[in-house]
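Asks: For the record, the sequence lines run as chains A and B. By this note's numbering, the letter at position 1 of the first sequence is numbered -11, and the numbering carries on one by one without gaps. For this note's numbering, count along the second sequence from 1 and bump the result up by 1133.
Rather than coming from a laboratory, the hints here were simulated on the basis of the structure. All C-beta atoms, glycine included, are put in the ideal place defined by N, C-alpha and C. Check each hint, because a few of them may be wrong.
Which residues of chain B face chain A? A few of them, derived with a C-beta cut under 10 Å, are [claimed, not checked]:
hint, residue
1, A1194
2, I1230
3, H1282
4, K1283
5, N1285
6, L1286
7, V1302
8, P1399
9, L1403
10, P1405
11, H1497
12, L1508
13, I1512
14, Q1566
15, N1581
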Amino acid sequence: MVSTQKDPVLAVLSLSGGNDGLNTVIPYSNPLYRDYRPTLGIPEGQIIPINDDLGFHPTMGPLKKFWDEGKLAIFLGVGYDNPSYSHFRSMDIWHTCEPDKIGTEGWLGRVLKEIDPNAENVLCGVNFGRGLPRALVMEGVPVASVGNLETYGLLTGIDGADQRDQALDVFGRMYSPAMGSGAVMDYIHSTGTNALKGADILATAPDKYTSEVEYSNTVVGQYMKNIAQTHLAEFGSRVLYTTSPYNSFDTHANQASLHSGLWSDVSNNVDTFYQDLRDHNASDNVMLLMFTEFGRRISDNGSGTDHGAGGIAFVVGEHVKGGIYGEYPSLEPSQQEEGGNLKYNMDFRSIYTTVVEDWFKMDAQPIVGGSFEKVNFL
Amino acid sequence: MADQQDVALMAHLLRRAGFGASRDEIEAKAAQGYDSVVDELLNPDTVPNVEEDLLMRYMPAYHEAAAIETNIQAWVWRMINTPRQLQEKMALFWHMIFCAGHSKIDSGQEMGRMIAMFREHGMGNFRHLLWLLSTSPAMVYYLDNSESHKTNLNENYGRELLELFSLGVGKDEEFNYSEDDVKACARAFTGWNIAPSYPPFPYGRSPWEFRFDPADHDDSEKTFLGETGNLNGDDVLDIIARQPATARFLARHLYNFFVADDVQIPAWRLTPPRDMKAIEAMEKAYFDSGYEIKAMLEVLFKSDFFKAEDVRYAKVKNPAEMVVGTMRLVGEHRDIQPGLFEFSQEPKYMGMDLMNPPTVEGWHTGREWIDSGTLVERINFAADLMGNTELPGVQSLVGRLMAQGDTLTPDQFVAGCLDLTGPLTVTDDTLQQLRTHASKDGDLSTANQAEFSRRAGEMFQMIAATAEFQFE
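Here chain A stands alone, though its shape is the one from the complex (with noise of 0.2 Å):
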């Protein structure tokens, strides 16, 4: 349990496609890595070591520094029974919390709803990227999700200032509750309704922001700023969110390439963005969850690696107890899962369970759909 003087905030960065866990956090010392791995294995010299049997990958040196102060968690061997091996299918897993039938809630709606029951604050949930991931979707929750903070508003081609006051009066009105025209048409009603509040107080957070950092000129790098900066505006956003580009870790080929560049973004800009924060002395009640849907297969197959089962997450915060957390599952053919991939020992549920109960201090079984052992991270 932990308490930070402000109100917990979650940023949440989706590593969408499905990290190779395997290539991530390297079980080196154990020979079976290297069978497996004929093509794709990592030279033992670029294995960055963070103990005497696991280390990061060699573009991980950012993160590096997270783990060296005790504020990264690393689990091992996360999953759920019965692996999808469907991104669209695992990832809704992932965002419902609903491994057995089609969930429309996402967990972090549910938390969202805890916090606001009243959707008093249209920004107390806030995506950055294009389309709304489906763990901040729930019925009554509005999220702002913001393709470009620099330009976001409504109405805007309107000329002059009276004109397009005017328009958006009409506008508020027209999206007023509607009752009993279908639930399509009273989402649609709601969504205008917050868009228009949210986009009056989003517009003004690039103007408040002053920093000496340099986000990277990537997806990752200016959603992370983008997070950086709506925290920095004290709007009240207590979950903020985002996903790197889609599928980028489906490394079905090519691998070894696209994977060194997809962690060095990732370790670089996380990097920067705890920098931005501690800069404003703003990094105390902000916690980073990093989850992919799922990890690859064991073998690579010559030039990338398929659809695996148990896969890696992160979270990194002042407040974590940085560690391991979970066992690397064995890579012993017996003990795999059906297909040649890792086994699952730790249910993604457990994480959290955690990150409900300690850090927003809710109970959690509503939220996650069930109780799930907590990992003591927090």
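On the provided structure of chain A, position chain B as indicated by the hints.
Replies: Relative to chain A, chain B alone:
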């Protein structure tokens, strides 16, 4: 002269089987007769093709263009201008199912070729279309069949062919295939590969070519969906084509795309179709015709379930429909002119990056097109165009309004504008707000044409900003 109901039905058909139309075209087609128009849509060879050579003449760089942006522009221009509207809508339909994206393909020319294949064969035989897809070098590369070898299997294409391109995970609560079927399928497609390409210099990139490599094909015995033999990819496609699950897959996709929003494919195992009778009618057409997509479409467009009032405006417009439909209504880019690039990027801003679907599973559709971010983009785009009284389509609408009488009361004015932008049906609440807004400046007189035009543009702008305008 067609009556109001005929016009409304024709507008519905042209929104769904195409990207909407100008009011003049809707009325002309309504007069032509519904079944005759459907037959024309289903037989694109009977109407003239878009004058693509004109596009090439003005913009030679569009010919076999390598840049993805150029290919997207040419496609958006074609959506706006082709008289063969259903053919183009089917190209979009298949692009949203048989997903491959330029983020990996990295060749605009190959993406363009893939869309051209959907255009040419999208209403043809489904077994043949699957064969074309499986031998499409872009798809072979996109789903890594080029990395799948006799001795080193890559299951990506084998899996997605079953999960997303034909059977779907399940129906009627049963699973349609097992993990063993996925492996057998992938093995059957080993050796379906791409010929080594010529170096790009000095003459630029050459088109990719499919090549079957018998030495890399796993010719051993396999069991796929209960059938055993030394199956190759052709055998697997034969088996797939005769599955009831394949008919269901197509019928549900066609219903969801052309009739009304329903749940998407991951839910199909457990969630029954919104209209089972409609699905069954299309499944029957699939088998009766020997897997012809056109036969299913004919059943669909000529059925009562399609014409019914309750499915009109029962679909959230996808971003291409929003962008192209609005441009056709306002008459933008009906001629070749600069500025197409900006318009061709608009679907992307609304969450639909054409030629680059987010995943092999495609886009989440229906209400999921809308979130506070994309709604802002949609409204801003449509309102800007609909309020631009310089555009020929908007001018024509204003002219029609003026022809309704020397003076329009605010209520008549609103009713006239709604009729001309659809006809669009709005809720009583929306109607009330639009009327209040219109009454502010009182009756509308044709005596002052500039003022008339300004107010009409403003009203069209507000209509484009309504929740109702998000549907089609």
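Asks: For each hint, tell me whether it holds in the structure or not.
Replies: Hint check:
1. A1194: 27 Å, violated
2. I1230: Status violated, d = 13 Å.
3. H1282: With a minimum Cβ separation of about 8 Å from chain A (threshold 10 Å), the hint on H1282 of chain B holds.
4. K1283: Given a least distance of 12 Å, the restraint on K1283 of chain B is violated.
5. N1285: Interface hint status for N1285 of chain B: holds (5 Å vs cutoff 10 Å).
6. L1286: Status holds, d = 8 Å.
7. V1302: 8 Å, holds
8. P1399: 6 Å, holds
9. L1403: Given a least distance of 7 Å, the restraint on L1403 of chain B holds.
10. P1405: With Cβ-Cβ at 13 Å, over 10 Å, it is violated.
11. H1497: Interface hint status for H1497 of chain B: holds (7 Å vs cutoff 10 Å).
12. L1508: 5 Å, holds
13. I1512: With Cβ-Cβ at 6 Å, under 10 Å, it holds.
14. Q1566: Given a least distance of 5 Å, the restraint on Q1566 of chain B holds.
15. N1581: Nearest chain A Cβ about 18 Å off; hint violated.
This entry does not satisfy hints 1, 2, 4, 10 and 15, going by the numbered hints stated previously.
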